[in-house]
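Using the sequences provided together with the hints, build the complete structure.
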Amino acid sequence: MSSLLDAYAGVAGPDVIRHLRQLAAPLAGARVVHVNSTRVGGGVAEILTDLVPLKRELGMDARWEVIGGGADFYQCTKGFHNALQGNRVELSAALLRAYEETNAHNAEELRAVLADADFVFVHDPQPAALLRHIPARRGKWVWRCHIDLSHPYRPVWKYLRGYVSGYDASIFSLADFAQPLPHPVYLIPPSINPLTEKNMELEPVEIDAVRATYHLDPARPLVLQVSRFDRFKDPVGVIRAYRLAKAFIPGLQLVLAGGGATDDPEGDAVLAEVRLAAQDDPDVHVLLLPADAHRTINALQRAADFVLQKSLREGFGLTVTEAMWKGKPVIGGDTGGIRLQVVNHHTGYLVSTPEGAALRIRYLLQRRERLQEMGRKAREFVRENFLLTRQLREHLTLMVGLTHGMQDRIDLG
Amino acid sequence: MNKDPRQLLTFAVKDCALAAIAVGRRAQNLRELRDHLTDIHPGCIYYHFWGGLLRPHFDDPEYNNDFASWARHALHDAPLAERLGVIDPADFPVMEALRQELIEIIEERLDEGDYQTWARPDQQFHFVRAQTISFDTGRRLTRPAELAAVVPTLSLGSIFYHFVDARRRGPQGVDDFRTWLALFGDRYDELRARLAEIDPYFIGIATLRRQLAQLFQEHLDSGGTA
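Going down the list, the protein sequences come from chains H and E. The first sequence begins at 417 in the numbering used here and counts up one residue at a time. The second sequence begins at 152 in the numbering used here and counts up one residue at a time.
If you are wondering where the hints come from, they were derived from the structure by calculation, not from laboratory data. There may be inaccurate statements among the hints.
[As the list claims (entries may be wrong)] Some residues of chain E that are not near chain H, with every Cβ distance over 10 Å (derived):
| hint | residue |
| --- | --- |
| 1 | T161 |
| 2 | I172 |
| 3 | P193 |
| 4 | A300 |
| 5 | A317 |
| 6 | F353 |
| 7 | Q365 |
[Unchecked claim] Have a look at the derived ranges for each label pair, beta carbon to beta carbon:
| hint | chain 1 | residue 1 | chain 2 | residue 2 | range |
| --- | --- | --- | --- | --- | --- |
| 8 | E | H224 | H | D827 | 33 to 41 Å |
| 9 | H | H761 | E | Q274 | 16 to 24 Å |
| 10 | E | T304 | H | A487 | 27 to 35 Å |
| 11 | E | H227 | H | A685 | 38 to 46 Å |
| 12 | E | E247 | H | D584 | 26 to 34 Å |
| 13 | E | A229 | H | D584 | 39 to 47 Å |
| 14 | H | Q695 | E | R182 | 48 to 56 Å |
| 15 | H | G475 | E | T304 | 21 to 29 Å |
| 16 | E | T330 | H | N503 | 53 to 61 Å |
| 17 | H | E517 | E | E258 | 52 to 60 Å |
[As the list claims (entries may be wrong)] Going by beta-carbon spacing under 10 Å, a handful of chain E positions derived as facing chain H:
| hint | residue |
| --- | --- |
| 18 | H192 |
| 19 | A281 |
| 20 | G308 |
| 21 | S309 |
| 22 | G324 |
| 23 | A357 |
Note that beta-carbon positions come from the ideal geometry of N, C-alpha and C, so glycine has one too.
Structural data, given as structure tokens:
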């Protein structure tokens, strides 16, 4: 049976896979544990769904553990998330106690696995306090921050830094996102898996079926934003941009497709705001999709003329990568990891306002040849830079680096 | 290159990967950039000149080093960007000489004006250093003719290691292919001269691999000098 890595060779090239196998050779048998707080929904779960099996295939004993908690825990960690992205969020002592107790409880359940691991990757703030409860650990612990930490609300960051400082290293998606920490801060942008249902090629008939399901007219232009219903994604700003553009392009259709994540208690409130803003416009389609609707999202991205990701703050923006992989230019907010992916005038446009987004919507729908050219460039840009193989390579590099110390050059022979 | 005298004529194909490590220092204006450059880790200067070849970047960037790009897009200082952009790091045998060149250009620019341009808070220059991990692929070449078939199959990391990184490792400042071919006397002088003409700085590594493959096929694949 063909392996996952072999399948990847067909997309990324055999040289890339050979490179991974050789880089992973010194790590054969290493016990690697990834820990986060949700098995489904959100970019972190999607990355781990792919990354962990690939590490296993490269000879590591890799596993993925998920911590669980009650409503207070998730309310607290949602508060962390918002505060770390700059919102002033006051967290009560009771919520912080829920956070600490949940981590202590999960540490007890995972103690044997975590204490024996050679490498533990702890994703985002939710499980960050686990480290403190595993004093007899033998491996290297790495805190993987997927959030833009460039302007955190200081009291909350100060609280979390107390937990994070004890790690052996941390990973941020971009240098701009990082905060000074007393250990090596590695920079690794995330990536997508082109082989999964969300990114694989689809037959036109399947795309047509999704159009029909959601009453989307194939004869009229369609723009799409895929994201959680989260204020940082500015879905209301997207509706405003749509309205400004629709005044010039009456046939324009908009889809706002959002999945729910089990660790996001604010989603319902934002969804209500979005529905209010849509005002029953039949050409604004607000879709609340289940977390496993990957094929549907894939089809919607392929059905769209191009894609919006008008975030006000963004960790990295994997929905941008996904759209670009499907040959769609992206009109993205000039923020975070979107800047790394949307090369202005080449793979899409960076915008700061609904007005800017509306202008680019009108431009791309008028200049179809530019739209096609930018789409081609976008796909190649992703192929070279944002496939999972690249992220995996950088994980392996970090693991080898941590094992051998912090010198500039490590020669494995 | 294999240093064992018994296998002097054997080319050991290696590979490498770069880890990017933020060093926690950042500049918001030109004076701060200059101050950091005086004592920043040399690995940072290496990364901001050469690291772009192995990290996400667009195929045809306007500027080929991060300092020039920042001067243009964050400070909006086009003259400075042009002066920084023309620096070819391959011209500098040691990183300290490259550091001094950078400082000279920046100080010259500071002397020219009494203004101080500030980057937006979200467009600061973040210093990043490279950690290079090299490893043996196990592949061995015993005849230069093999390069024609092997080079197109090498990873981008291998191409970077043997053609770019080699210039920093060896005292001669040349790539590993030329060093190896020189061991065969003057037989490959023309090929070595052609290799010397390839400037890796202005093409991506994938393009570099294609150019090298084409050159080796032209010189070695037709039963000529091989």
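Against the structure, the hints come out as follows:
| no. | hint | result |
| --- | --- | --- |
| 1 | T161 | holds (15 Å) |
| 2 | I172 | violated (5 Å) |
| 3 | P193 | violated (8 Å) |
| 4 | A300 | holds (14 Å) |
| 5 | A317 | holds (13 Å) |
| 6 | F353 | holds (17 Å) |
| 7 | Q365 | holds (17 Å) |
| 8 | E:H224 / H:D827: 33 to 41 Å | holds (36 Å) |
| 9 | H:H761 / E:Q274: 16 to 24 Å | holds (18 Å) |
| 10 | E:T304 / H:A487: 27 to 35 Å | violated (55 Å) |
| 11 | E:H227 / H:A685: 38 to 46 Å | holds (40 Å) |
| 12 | E:E247 / H:D584: 26 to 34 Å | holds (31 Å) |
| 13 | E:A229 / H:D584: 39 to 47 Å | holds (43 Å) |
| 14 | H:Q695 / E:R182: 48 to 56 Å | holds (52 Å) |
| 15 | H:G475 / E:T304: 21 to 29 Å | holds (22 Å) |
| 16 | E:T330 / H:N503: 53 to 61 Å | holds (56 Å) |
| 17 | H:E517 / E:E258: 52 to 60 Å | holds (57 Å) |
| 18 | H192 | holds (8 Å) |
| 19 | A281 | holds (7 Å) |
| 20 | G308 | holds (6 Å) |
| 21 | S309 | holds (8 Å) |
| 22 | G324 | violated (17 Å) |
| 23 | A357 | holds (7 Å) |
In this structure, the earlier hints numbered 2, 3, 10, 22 are contradicted, and the remaining ones agree with it.
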